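> Read off the chains here:
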Amino acid sequence: MRDRSLIYLGLLIFLAVVTFPFTYNLAAGSGEMPDLEYPDNETQCVESKEFMRSSHMQLLVDWRESLVRENVRTHKTSDGRTYDISLTNTCLAACHTRKGDFCDRCHDYSGVENPYCWDCHIDPEQTERSAR
Amino acid sequence: MIISRKKFLKLTGISMLAATGERIAESLAGTAPSAGPGSPRALTAKRWAMVIDLQKCAREDGCTACIDACHRTHNVPDIDNRAHEIKWIWKEEFKHAFPSAHNEYQAEHIESLPVLLLCNHCDNPPCVRVCPTQATWKREEDGIVMMDWHRCIGCRYCMAACPYGSRSFNWIDPRNDIAQLNPDFPTRTKGVVEKCTFCDTRLAKGELPACVEACPQDAIFFGDLDDAGSEIRQLLKSEYAIRRKPELGTKPEIYYIV
Numbered sequence: 001m002r003d004r005s006l007i008y009l010g011l012l013i014f015l016a017v018v019t020f021p022f023t024y025n026l027a028a029g030s031g032e033m034p035d036l037e038y039p040d041n042e043t044q045c046v047e048s049k050e051f052m053r054s055s056h057m058q059l060l061v062d063w064r065e066s067l068v069r070e071n072v073r074t075h076k077t078s079d080g081r082t083y084d085i086s087l088t089n090t091c092l093a094a095c096h097t098r099k100g101d102f103c104d105r106c107h108d109y110s111g112v113e114n115p116y117c118w119d120c121h122i123d124p125e126q127t128e129r130s131a132r
Numbered sequence: 001m002i003i004s005r006k007k008f009l010k011l012t013g014i015s016m017l018a019a020t021g022e023r024i025a026e027s028l029a030g031t032a033p034s035a036g037p038g039s040p041r042a043l044t045a046k047r048w049a050m051v052i053d054l055q056k057c058a059r060e061d062g063c064t065a066c067i068d069a070c071h072r073t074h075n076v077p078d079i080d081n082r083a084h085e086i087k088w089i090w091k092e093e094f095k096h097a098f099p100s101a102h103n104e105y106q107a108e109h110i111e112s113l114p115v116l117l118l119c120n121h122c123d124n125p126p127c128v129r130v131c132p133t134q135a136t137w138k139r140e141e142d143g144i145v146m147m148d149w150h151r152c153i154g155c156r157y158c159m160a161a162c163p164y165g166s167r168s169f170n171w172i173d174p175r176n177d178i179a180q181l182n183p184d185f186p187t188r189t190k191g192v193v194e195k196c197t198f199c200d201t202r203l204a205k206g207e208l209p210a211c212v213e214a215c216p217q218d219a220i221f222f223g224d225l226d227d228a229g230s231e232i233r234q235l236l237k238s239e240y241a242i243r244r245k246p247e248l249g250t251k252p253e254i255y256y257i258v
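Note that the protein sequences, when read in sequence, are chains A and X.
Numbering (our numbering) for the first sequence: 1 to 132.
Numbering (our numbering) for the second sequence: 1 to 258.
In short, the hints are calculated from the structure, not lab data.
A quick note: this is a predicted structure, and the numbers were derived from the prediction, not measured.
One thing to keep in mind: the hints can contain errors.
[To be verified] Pairwise CB distance ranges (calculated): (1) Y240(X) - Y116(A): 40 to 50 Å; (2) P115(A) - K205(X): 21 to 31 Å; (3) E32(A) - E213(X): 34 to 44 Å.
[What the hints assert, rightly or not] Straight-line alpha carbon distances no greater than 30 Å define the calculated DSS-like cross-link-like pairs of lysine-lysine that follow: (4) K190(X) - K99(A); (5) K99(A) - K205(X); (6) K56(X) - K46(X); (7) K76(A) - K46(X); (8) K251(X) - K237(X); (9) K49(A) - K76(A); (10) K251(X) - K76(A); (11) K76(A) - K138(X).
Glycine included, C-beta positions come from ideal geometry on N, C-alpha and C.
Produce the entire structure from the sequences given, and follow the hints as far as they go.
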């Protein structure tokens with residue numbers, strides 16, 4: 001058991017390396033939830049905040065299938081409200097007018113950099129800027 | 001365990017009911033998702049088709065109103081390089097559009113007559129048959145040959161299959177070559193194939209296709225081929241109309257009045 005101190009030192013180094021990402025984020029303060037800008041004109045989204053947080057991707061995929069393949073162009077929420085199915089015109093133009101302060105901020109936080117939705121779907125704010 | 005026939009049938013019945021019960025209850029309660037075109041404003045037909053009057057179309061020399069309107073509506077890029085160009089609707093001389101109708105003694109004004117070309121929305125579309133991902137398909141309710149750019153993997157089988165050259169492939173990012181983005185329609189991305197969709201999004205809003213609306217000569221007619229009383233059926237009855245390469249059996253649905 002002469003190597004006890006070496007073993008403990010080794011274990012300590014191992015633990016330090018393994019937990020480095022967590023301790024680094026804690027120290028840098030980058031682990032905090034992003035501060036999102038919510039729309040001024042609306043108080044509720046097409047579904048609950050919790051659902052949108054965990055499953056907006058699934059909702060968008062369902063919208064895509066519904067509109068493109070089934071030609072169903074409106075979405076009825078679970079509490080009976082109706083919305084036009086459109087990422088650009090419903091999600092962005094009507095509510096989240098500053099995509100950078102909502103979508104991007106959370107995507108950046110969770111390491112989802114630039115989902116390819118935006119390769120084709122237009123951010124209306126950007127078109128306004130380019131038209132100016 | 002020995003089970004009687006009566007008991008077996010009973011058990012089968014109960015288990016089938018249990019398996020389908022949820023769906024039955026859903027449909028009775030009316031919470032099941034409804035299908036079919038949503039808006040009451042939408043223009044609908046059993047079989048959309050187009051008739052183009054070539055003489056009317058040629059009245060104004062060099063007119064590109066329909067092409068401009070279509071490309072502006074659908075964010076079609078204007079790329080100078082012919083190897084990369086994207087087109088949904090364009091003009092070609094008669095002798096190239098209808099090579100089998102060509103003969104060397106034909107009058108020059110016929111040979112060089114501009115012909116509007118676009119997707120023929122075939123009744124028997126070869127592009128649909130070859131698409132490995134069903135990114136292109138014929139919509140059953142109205143015959144439009146649709147495109148789902150989400151699903152397109154860019155294999156270009158459809159381009160090889162289409163005898164009309166109606167499809168374009170995005171070799172480069174199209175966004176850089178669009179003068180003014182229309183936020184009502186998405187752009188495409190590098191690596192997907194695109195073509196005319198008979199303005200399915202405009203039809204859903206109750207509007208006619210952009211090219212039909214933009215034509216200053218009213219040379220493009222759009223309507224239901226399945227409706228004997230429709231304008232296009234009346235035109236086809238009274239005028240002599242031809243289609244491109246009907247001998248291939250694709251049953252193209254763009255008719256040209258010469």
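> Taking the hints in turn, state whether each one holds.
The hints, checked one at a time:
1. Checked against the hint of 40 to 50 Å, the C-beta distance between Y240(X) and Y116(A) comes to roughly 49 Å, which is consistent with it.
2. Checking the proposed 21 to 31 Å range against P115(A) and K205(X) shows it holds: the Cβ atoms sit about 27 Å from each other.
3. The hinted window of 34 to 44 Å between E32(A) and E213(X) is violated, with their beta carbons roughly 52 Å apart.
4. Only pairs whose Cα atoms come within 30 Å are accepted, and K190(X) paired with K99(A) is accepted, the gap being roughly 23 Å.
5. With a C-alpha separation of about 27 Å, the suggested pair K99(A) and K205(X) falls inside the 30 Å cut-off, and the hint holds.
6. Distance restraint check for K56(X) and K46(X): the Cα-Cα separation of roughly 27 Å lies within the 30 Å cut-off, and the hinted pair is therefore satisfied.
7. For the suggested pair K76(A) and K46(X), the alpha carbons sit about 27 Å apart, so the restraint of at most 30 Å is met.
8. Only pairs whose Cα atoms come within 30 Å are accepted, and K251(X) paired with K237(X) is accepted, the gap being roughly 18 Å.
9. A hinted pair counts as satisfied when its Cα atoms are at most 30 Å apart, and K49(A) with K76(A) qualifies at roughly 16 Å.
10. Annotation: proposed proximity of K251(X) to K76(A) is violated, straight-line Cα distance about 38 Å (limit 30 Å).
11. Proximity of K76(A) to K138(X) is assessed by CA-CA distance (about 27 Å); at most 30 Å being required, the pair is judged to hold.
Checked against the numbered hints above, the structure breaks hints 3, 10 and satisfies the rest.
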